[in-house]
Amino acid sequence: MHAALPVHNFLVLSAILFAIGTFGVLTRRNAIVIFMCIELMLNAVNLTFIALSHHLGNLDGQVFVFFVMTVAAAEAAVGLALMIAFFRNRESIEVDEINMLKW
Amino acid sequence: MQTLFFYLVAAVAVGSALLVVKCKNPVNSALALVNTFFCLAIFYVMLEAPFMAAIQIMVYAGAIMVLIIFVIMLLNLGTETAKRYRHAVAGSAVVAALLLAQAVYFLNRSEPTGMGSDYREAIAQAGGHTEAIGRALFTDFLLPFEITSILLLVAIIGAVVLAKKEI
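Residue numbers (the numbering used here), protein chains in the order written: chain A, 1 to 103; chain B, 1 to 167.
One should not assume that every hint holds.
Partial selection, computed: residues in chain A whose CB lies under 7 Å from chain B [stated by the list, open to error]:
#, residue
1, LEU11
2, ILE20
3, LEU26
Pairwise CB distance ranges (calculated) [unchecked claim]:
#, chain 1, residue 1, chain 2, residue 2, range
4, B, ALA90, A, LYS102, 17 to 27 Å
5, A, VAL45, B, HIS87, 41 to 51 Å
6, B, LEU8, A, ASN99, 42 to 52 Å
7, A, ARG90, B, GLN125, 55 to 65 Å
8, B, THR139, A, ARG90, 46 to 56 Å
9, B, GLY128, A, MET100, 45 to 55 Å
10, A, ASN99, B, PHE70, 21 to 31 Å
11, B, GLY134, A, ARG90, 37 to 47 Å
12, B, ALA101, A, LYS102, 32 to 42 Å
13, A, ARG90, B, MET73, 16 to 26 Å
14, A, ARG90, B, ARG86, 22 to 32 Å
15, A, ASN99, B, VAL12, 37 to 47 Å
16, A, ASN99, B, VAL154, 22 to 32 Å
Since the hints were made in silico from the structure, they are not lab data. Computed from a predicted structure; not experimentally measured. Built from N, CA and C at the ideal position, the CB exists for glycine as well.
Please put together the full structure from these sequences, using the hints given.
Take a look at the structure:
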């Protein structure tokens, strides 16, 4: 008993979203936009998990999505705190200017 | 009908994902990202996962995006003035296209298989989708669940320490 839509549609869509997210992470210079692109990639993976969970009839994939969301929330808290700390030092969050560990 | 609806929502999702990458103003990117999250919630409903759709909207479109927009406002980020590096754009486009081609190639090569069962029985037995997920979370996935709580505690302490005035 599967839905009328084949699972390939969802998997290809999430591959497209993941590729767009990768492109954004590699080209943008604003740290917050890079962060949002990472969230986009995580969501693409979540869609894969739920599509395959529905396809296989196994609930474990949806529990994994739950954990991915928790990790994303923790990442958001720590990442944004890091950006605020960096902004205090440099008055900017361009990733080109994050070079304090370089000598 | 369902296929048409899928393609419509998929087009909106991909379009707003492109806007996230393209917009010069971070606030516009954030709003486009919220739009993508709503489209994904629609897909979760189509895939018979209503609880996941609810927490997608509450946790992602609600909590995480409010946090991001709050930081954008706090730092008073304007529109990006500097152009992106052209060699970076070209190289990243190649990398992203290769990733997509690889994923689509492997998807079309064979049918996805795995440990299959029928979760509709479990859902009917537990009395609902949310109940079935809760049961799985507190029986099979109890240890990961407890580790997650420690992870969240560490993240909270880390955020407080990092955001303090002097570090």
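Hint numbers contradicted by this structure:
Per hint list: single violation, 5.
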